[in-house]
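Student: Sequence:
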Amino acid sequence: MNSDQLKGQWKEMKGKVKSQWGKLTDDDITRIDGDKDQLIGKIQQEYGKTREEAEQEVDKYLRA
Numbered sequence: 172m173n174s175d176q177l178k179g180q181w182k183e184m185k186g187k188v189k190s191q192w193g194k195l196t197d198d199d200i201t202r203i204d205g206d207k208d209q210l211i212g213k214i215q216q217e218y219g220k221t222r223e224e225a226e227q228e229v230d231k232y233l234r235a
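Quick note on numbering: this note's numbering labels position 58 of the sequence shown as 229, and the sequence is numbered without any gaps.
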């Protein structure tokens, strides 16, 4: 799934993203609004991961 697809399907994915990364708040999910870079950055911030780790995690999640 590319960034455009993520943005287009964000409304359907919000709940799944929240259950995958429970530290993200509803406000975080709303602000991210399907922006892959923002999602990666927020995961990086909340979970103390490197950019590469967070990006790999998001990419793996989106492929599943």
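Heads up, a few of these hints could be off.
[What the hints assert, rightly or not] Within a straight-line C-alpha distance of at most 30 Å, the following computed DSBU-like cross-link-like pairs (lysine-lysine) qualify: (1) Lys194 - Lys213; (2) Lys207 - Lys220; (3) Lys194 - Lys207; (4) Lys189 - Lys213; (5) Lys189 - Lys207; (6) Lys178 - Lys220; (7) Lys231 - Lys220; (8) Lys182 - Lys231; (9) Lys207 - Lys182; (10) Lys187 - Lys213; (11) Lys231 - Lys194; (12) Lys231 - Lys213; (13) Lys185 - Lys207; (14) Lys189 - Lys220; (15) Lys187 - Lys231; (16) Lys220 - Lys185; (17) Lys207 - Lys178.
[To be verified] Here are the in silico distance ranges between beta carbons for each label pair: (18) Gln191 - Thr221: 24 to 32 Å; (19) Gly219 - Gly179: 25 to 33 Å; (20) Ser190 - Asp230: 24 to 32 Å; (21) Tyr232 - Thr196: 12 to 20 Å; (22) Glu223 - Gln191: 26 to 34 Å.
I should point out that these hints are in silico values taken from the structure, not numbers from a laboratory.
Every residue gets a Cβ at the ideal spot worked out from N, C-alpha and C, and that includes glycine.
Student: Work down the list of hints and note, for each, if the structure agrees.
Tutor: Structure-based check of each hint:
1. Lys194 - Lys213: Distance of about 10 Å is within 30 Å: holds.
2. Lys207 - Lys220: 16 Å, holds
3. Lys194 - Lys207: The given pair, whose Cα atoms are some 17 Å apart, holds under the 30 Å limit.
4. Lys189 - Lys213: 12 Å, holds
5. Lys189 - Lys207: With a Cα-Cα distance of about 14 Å, the restraint between Lys189 and Lys207 holds, given a limit of 30 Å.
6. Lys178 - Lys220: 23 Å, holds
7. Lys231 - Lys220: Holds - the C-alpha atoms of Lys220 and Lys231 are around 15 Å apart, at most 30 Å.
8. Lys182 - Lys231: Holds - the C-alpha atoms of Lys231 and Lys182 are around 19 Å apart, at most 30 Å.
9. Lys207 - Lys182: 14 Å, holds
10. Lys187 - Lys213: 16 Å, holds
11. Lys231 - Lys194: 18 Å, holds
12. Lys231 - Lys213: Holds: Lys231 and Lys213 sit about 16 Å apart, inside 30 Å.
13. Lys185 - Lys207: Roughly 13 Å separates the two Cα atoms, so the pair holds.
14. Lys189 - Lys220: 17 Å, holds
15. Lys187 - Lys231: Given that 30 Å is the threshold and the Cα spacing comes to 14 Å, the pair holds.
16. Lys220 - Lys185: 21 Å, holds
17. Lys207 - Lys178: 8 Å, holds
18. Gln191 - Thr221: 24 to 32 Å: 18 Å, violated
19. Gly219 - Gly179: 25 to 33 Å: Given range 25 to 33 Å: holds, Cβ gap about 30 Å.
20. Ser190 - Asp230: 24 to 32 Å: Violated - the Cβ-Cβ distance for Ser190 and Asp230, about 18 Å, lies outside 24 to 32 Å.
21. Tyr232 - Thr196: 12 to 20 Å: Holds, at about 18 Å.
22. Glu223 - Gln191: 26 to 34 Å: 18 Å, violated
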